Amino acid sequence: MLEVVHSLLFSTLDAMPALVFAALGAVLSERAGVVSVGVEGMMRVGAFCAAVAALVMPTPLAVVAGMLAGAALAAVHGFLSIRWRSDQVVSGIALNLVALAGGTFLLESHFGPNGTPPIQQLSRWDLPGLASVPVLGALGNHSAPTYLALLLPFALHFLLTRTPLGLRLRAVGDKPHAVGTLGLSVAGLRWGAVLGGGLLAGLGGAVLSTSVLNRFEQHTPAGLGFMALAAMVFGRWTPVGAFLAALFFAFGDALRIGLASSVPGLVDVVPQGMLQALPYVLTLTLLTLQGQRSNAPAALGVPYEQESR
Amino acid sequence: MHERLRQALPSVLSVLLALAVCWVLIALTMTPGTATDAYLQMLWGGIGNWPGYLDGAAATVLTRPLGEAAMKAALLTLTGLSVAVAFKVGLFNIGAQGQMILGALAAAVVGAHVALPAVLHIPAALLAAALAGAAWAGLAALLKLYRGVHEVISTIMLNWVALRLVDNWLVIGPLRGVAEAGQSITGTAEIQATATLPRLLGELSRLNLGFPLALLLAVAVWAWLERTRSGFETRAVGLGAEAARTAGVPVARRTGLAMALAGSMAGLAGAVLVLGTEGRYPGSLGAPYGFDGIAIALIGNNHPLGATLAALFFGVLRAGGTRMQLLDVHKSFPELIQGLALLFVAGRMVWLAMLRRRQPAAPAAAPAVVEVPRA
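Protein chains in written order, with the numbering used here: chain P, 58 to 366; chain L, 356 to 730.
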């Protein structure tokens, strides 16, 4: 029994970081009032650039390259939605499409349809002393992103709720005119949040190709960006909430794989497809039970015009 | 300039710019000549090889490409309508893909396992698909209305549930078609001849009844939105639910109806795919038509007829795009053109600013902002 709990926990922690980073990026951007439907595309360019960069430089540096690539795509989103007050949903969806088609084109024209050549994965950290502790031992032997993903939600929570900058970021998502009246730059704050969100989404993608896999594949990130959006909404636009939701999704996945492998007779009774649908059905059920109005930022998706009131 | 034209102009310019950018990309990676040839191939592959036809080649050089383009356009029109209708009532339907999966499955089951004469069989299969799609979307609407679950998250989840249950269980399990000796089939049993959508040009092309059906539905949706009371109320809800409620619009009913309609459109897209071309629910739907519908709706400015025009254009592009591969040009260029076009549509403010600079005499159109009282 303990071993089952241990292995479930271990694979949850292994699968979680990409989803957590992307969800946190979405939270950051949306709390400042900019819709982040493009997070899937940002993850894809992050994953691709990290995988390609890792062919010529050390993997940790390649992760940074992936983050920058995510931020670059976010900058296009920022340019359209902040500078030109475009429809943020349209812009985000467009970035997803461009990243999907462009990524496929670049991948196949340079490496072939099977993905990039294998790269050096991020090394795993052995936390001394933990290995022998039951259950808690699952915390050991992960790569750096896992530990970062465990800390970052709380750091972002602190930033958003306990610092003047956080107050301004949240205000710019709820009442941008109030922020503008104070003489603060609405556009500047939103640019910061969007670029920060791009860095985080790029990091999420980079984790996929350097830690979960050891290459960039045709379908990366295969809808994980949309799951991150779901985690953000599920977590009610709060960093810790989104983190817990992402953790829950990752756990659901680990549970499905764990159930199938630890109870051999199960797949004969319950079809694979039903097991695979389980995490999503569970999420829907929980949301239905939780059932309160979402607390999306009031000015989410509304372009800021100083003149309009 | 006519207001309608002014609204549509950014979309048209965006598509042209996307075409130009991709031409440059191909020209840079290959040669300018290849890029031009590739575009010509795409054109002939999409609207038929007119020069060849006029020189006396067989009629198939015209009808086959046109049929393929119409087939793709029908699917894109239906999923585009699905997303556009939901947008009109203020909901973002990411779930067209899942609704299409269920519609396709329902059509495949009714088409294969029910015995009816053709006059009844086709409508029955279409109806089943529409209902299945509507139910799947209606679920999201119910969750939104009564439990406050955001439609983006519920439709994403429902997409995955549909995909897992159908592709990873039903069509490889209970509903799997029985293969004859020496054969292996993926997907459900073949639909009966009575459920097959008739081909409009016989064996010359795969053009089938699905195409006129999609066009007809686009006009019907347009007429409903623009010319009926419930359609007007639906748009009012989309523009401001609280204001509409104050004006006496039954917000919940309009939202539910619009979402069910959106689902039925996506479901019908699945039916057209199964009954028109595939003949069964294949192992998987092949292309993410539901997600393409988002792009189609947005490029078409969320207008039913605009979405139809966008679908027709991208149907041609998609059908012709495969011909580009004859010149070793990569097959994802049509998708890249679609994505870039949407990106440039997102920059419609840039277009409008540029157009305004061209005619300084035009009065600065400041849209009146309606003050919506907040509770």
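Hints are computed from structural coordinates only; laboratory data are not their basis. Predicted, not measured: the structure shown is a model, and the values here were computed from it. Be a bit skeptical, because a hint or two may be false.
The calculated SDA-like cross-link candidates involving lysine to any residue, where the alpha carbons are at most 20 Å apart (straight line), are [to be verified]:
no. : chain 1 : residue 1 : chain 2 : residue 2
1   : L       : Lys686    : P       : Pro170
2   : L       : Lys686    : P       : Leu163
3   : L       : Lys686    : P       : Trp141
4   : L       : Lys686    : P       : Ser180
5   : L       : Lys686    : P       : Pro185
Chain P side only, calculated, beta carbon under 7 Å to chain L, not exhaustive [what the hints assert, rightly or not]:
no. : residue
6   : Ala201
7   : Gly330
8   : Gln333
9   : Tyr337
Stretch-level coverage of chain L by chain P, calculated; a stretch enters the list once three of its residues show a Cβ under 8 Å from a Cβ in chain P [claimed, not checked]:
no. : segment
10  : 517–529
11  : 576–590
12  : 681–690
Ideal Cβ positions, reconstructed from N, Cα and C, are used throughout, including at glycine.
Comparing the hints with the structure gives:
{"no.": "1", "hint": "L:Lys686 <-> P:Pro170", "verdict": "holds, 12 Å"}
{"no.": "2", "hint": "L:Lys686 <-> P:Leu163", "verdict": "holds, 12 Å"}
{"no.": "3", "hint": "L:Lys686 <-> P:Trp141", "verdict": "violated, 32 Å"}
{"no.": "4", "hint": "L:Lys686 <-> P:Ser180", "verdict": "violated, 37 Å"}
{"no.": "5", "hint": "L:Lys686 <-> P:Pro185", "verdict": "violated, 51 Å"}
{"no.": "6", "hint": "Ala201", "verdict": "violated, 29 Å"}
{"no.": "7", "hint": "Gly330", "verdict": "holds, 3 Å"}
{"no.": "8", "hint": "Gln333", "verdict": "holds, 4 Å"}
{"no.": "9", "hint": "Tyr337", "verdict": "holds, 4 Å"}
{"no.": "10", "hint": "517–529", "verdict": "holds (count 9)"}
{"no.": "11", "hint": "576–590", "verdict": "violated (count 0)"}
{"no.": "12", "hint": "681–690", "verdict": "holds (count 4)"}
Of the hints listed earlier, those the structure fails to meet are numbers 3, 4, 5, 6, 11, in rising order.
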